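Engineer: Protein chains in written order, with UniProt numbering: chain A, 1 to 245; chain B, 1 to 172.
Derived from the structure by calculation, the hints contain no laboratory data.
Predicted model, so just to flag it, every value in this text is computed and none were measured.
Where is the CB? At the ideal position from N, CA and C, for every residue including glycine.
Any given hint could turn out to be false.
Unchecked claim - Below are the EDC-like pairs computed for lysine to aspartate or glutamate, each with C-alpha atoms no more than 16 Å apart in a straight line: (1) LYS134(A) / GLU238(A); (2) LYS40(A) / ASP45(B); (3) LYS32(B) / GLU53(A); (4) LYS40(A) / GLU53(A); (5) LYS44(A) / ASP48(B); (6) LYS41(B) / ASP57(A); (7) LYS44(A) / ASP53(B); (8) LYS112(B) / GLU122(B); (9) LYS142(A) / GLU238(A); (10) LYS142(A) / GLU159(A); (11) LYS44(A) / ASP45(B); (12) LYS41(B) / GLU53(A); (13) LYS139(A) / GLU238(A).
Said to hold, decoys possible - Derived CB-CB ranges, DEER-like: (14) GLY37(B) / PRO68(A): 19 to 25 Å; (15) PHE219(A) / GLU58(B): 42 to 48 Å; (16) SER70(A) / GLY37(B): 15 to 21 Å; (17) SER70(A) / VAL25(B): 20 to 26 Å; (18) GLU58(B) / GLY215(A): 47 to 53 Å; (19) PRO68(A) / ASP48(B): 16 to 22 Å; (20) SER14(B) / PRO68(A): 33 to 39 Å; (21) TYR149(A) / SER14(B): 36 to 42 Å; (22) LEU22(B) / PHE153(A): 34 to 40 Å; (23) VAL211(A) / GLY37(B): 37 to 43 Å.
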Amino acid sequence: MDDKAPLVQFLGLTFNVTNLISITVVMLITFFLIFWLSRKPAIKPSGKQNFLEWIIDFTNNIVGSSLPNSTGQGLRLLAFVLFMVIFVGNQIGLIFQVKVGDFTYLKSPTADPIVTMTLALVMVVLAHFLGVGKLGFPKYFKNAYLSPYAWMFPLNVIESITSFLTLGLRLFGNIMAGEVLLNLLGSIAFPHGTLASISWLGFIPALAGEVIWQGFSVFIGSVQAYVFVTLAMVYVSEKTIVEEL
Amino acid sequence: MFSVDVLAGTKLASGDMFFFILSFVILMLLVKHFAWGPVTKMMQDRADKVANDIDAAETARQEAEKLAGERREALQSSRQEASTIVTDAKAVGNKQRDAIVSDAQASAAALKQSATAEIEQERQDALAGVQNDVADLSVQIAAKIIQKELKIEDQKALIDSYIEGLGASHEA
Numbered sequence: 001m002d003d004k005a006p007l008v009q010f011l012g013l014t015f016n017v018t019n020l021i022s023i024t025v026v027m028l029i030t031f032f033l034i035f036w037l038s039r040k041p042a043i044k045p046s047g048k049q050n051f052l053e054w055i056i057d058f059t060n061n062i063v064g065s066s067l068p069n070s071t072g073q074g075l076r077l078l079a080f081v082l083f084m085v086i087f088v089g090n091q092i093g094l095i096f097q098v099k100v101g102d103f104t105y106l107k108s109p110t111a112d113p114i115v116t117m118t119l120a121l122v123m124v125v126l127a128h129f130l131g132v133g134k135l136g137f138p139k140y141f142k143n144a145y146l147s148p149y150a151w152m153f154p155l156n157v158i159e160s161i162t163s164f165l166t167l168g169l170r171l172f173g174n175i176m177a178g179e180v181l182l183n184l185l186g187s188i189a190f191p192h193g194t195l196a197s198i199s200w201l202g203f204i205p206a207l208a209g210e211v212i213w214q215g216f217s218v219f220i221g222s223v224q225a226y227v228f229v230t231l232a233m234v235y236v237s238e239k240t241i242v243e244e245l
Numbered sequence: 001m002f003s004v005d006v007l008a009g010t011k012l013a014s015g016d017m018f019f020f021i022l023s024f025v026i027l028m029l030l031v032k033h034f035a036w037g038p039v040t041k042m043m044q045d046r047a048d049k050v051a052n053d054i055d056a057a058e059t060a061r062q063e064a065e066k067l068a069g070e071r072r073e074a075l076q077s078s079r080q081e082a083s084t085i086v087t088d089a090k091a092v093g094n095k096q097r098d099a100i101v102s103d104a105q106a107s108a109a110a111l112k113q114s115a116t117a118e119i120e121q122e123r124q125d126a127l128a129g130v131q132n133d134v135a136d137l138s139v140q141i142a143a144k145i146i147q148k149e150l151k152i153e154d155q156k157a158l159i160d161s162y163i164e165g166l167g168a169s170h171e172a
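Throw the hints in and build the complete structure from the sequences for me.
Structural biologist: Now the structure itself:
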């Protein structure tokens, strides 16, 4: 991406200000959305509570389809929050993209590989951690790396790495591509990136294209949130449940 | 301490990872406290309530079925009872009718018999009375006839004829 982002050094770590802002905004929006939806829960649900319960049922089903056990019970909240964060994160860049000068200050955090790889890393580490906790290290090692046959050890090691990479890069690639295309369409209307540079010839097709592409991106963002949560749960189930041969 | 590095992409923004994980964990805790807990509890309550309601409905249905069965049985038995009562009443009525009829017949026969006997008695009495009267009357008539006819010439003639008869028979 040609977007430039301001970087800050703090405690020896490098911080990307765009990501800090985007992540914070996404977390706030997600929290207030869920907070608002969950006010005054009642036995007989109405309106927004139905909607929230529908989402909760949806994520619970994702967890339940790969982990129909106590491990799955414990991961329901994680799956729900994960889904909501990725969903909101995917959509936010479609609605707002704040660019000041050369720097972008607000975009989809999931369009940045560092964020998606962090998420994937967390999920993969969690899967291995739960695997060790549930099976004990020898059994976990055998299940994760020596099954179905011991000679498949190298393949299993590679598979562990690739599953982590694909989990993070799939999300990143989908969302980043969506934003790149939005920016390209935008640059038809504003060739030099400023309001003054508006090209009326390009404005109408650019607007139509943006509307169509945004609609499609909403769909992609939802599907990617679903896919990410599903795959994360599948990895956890692979590491925690010994498949009987 | 702060230094802005405008050369994006030249350094791995490792701080973002920590920031993201930290904010994600905070969000998860907040959601758990404010939304997830109450809502899932409510969902569980509802599931329990629905299960209870289904059980209660099942119990109520069984109760109703039992009651309906009892009602049906009671109705059946009362119908049977009613028909028994009617049959009994009919039998009693028939018996009473027969008794009344036979009583009436018997008393009618007795009445008839006593009437016949009475009539016979009266006839006998009347006959007896008539015989007595006839006897009296004949005696009186005889007396009257005898008194009237018993005159001296007649007696003489009679005695004479009787004596003539006697002489004739002697001569013979």
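Engineer: LYS40(A) and ASP45(B) were given as a pair; does the straight-line alpha-carbon distance stay at or below 16 Å?
Structural biologist: 14 Å, holds
Engineer: Quick check: does the Cβ-Cβ distance between SER70(A) and VAL25(B) fall within 20 to 26 Å?
Structural biologist: The hinted range 20 to 26 Å holds for SER70(A) and VAL25(B), with Cβ atoms some 22 Å apart.
Engineer: Between LYS44(A) and ASP48(B), does the CA-CA distance stay at or below 16 Å?
Structural biologist: 13 Å, holds
Engineer: Could one say that the CB atoms of SER14(B) and PRO68(A) fall in the range 33 to 39 Å?
Structural biologist: 37 Å, holds
Engineer: Just to be careful, I want the Cα atoms of LYS142(A) and GLU159(A) compared with a cutoff of 16 Å; is the pair within it?
Structural biologist: Within the cut-off at roughly 15 Å; holds.
Engineer: CB of LEU22(B) to CB of PHE153(A), is that within 34 to 40 Å?
Structural biologist: 35 Å, holds
Engineer: Below or equal to 16 Å on CA atoms is what counts here, so check LYS32(B) against GLU53(A).
Structural biologist: 14 Å, holds
Engineer: Between LYS112(B) and GLU122(B), is the straight-line Cα distance small enough, at 16 Å or below?
Structural biologist: Holds. LYS112(B) to GLU122(B) sits at ~15 Å (cutoff 16 Å).
Engineer: Given the hint that LYS44(A) pairs with ASP45(B), does the C-alpha gap stay at or below 16 Å?
Structural biologist: 10 Å, holds
Engineer: Straight-line Cα separation of LYS40(A) and GLU53(A) no greater than 16 Å?
Structural biologist: 13 Å, holds
Engineer: Taking 47 to 53 Å as the hint, is the beta-carbon distance of GLU58(B) and GLY215(A) inside that range?
Structural biologist: Between GLU58(B) and GLY215(A), where Cβ atoms are some 49 Å apart, the hint holds.
Engineer: Falls inside 37 to 43 Å, the C-beta gap from VAL211(A) to GLY37(B)?
Structural biologist: This hint holds: roughly 40 Å between Cβ atoms.
Of the numbered hints stated above, none is contradicted by the structure.
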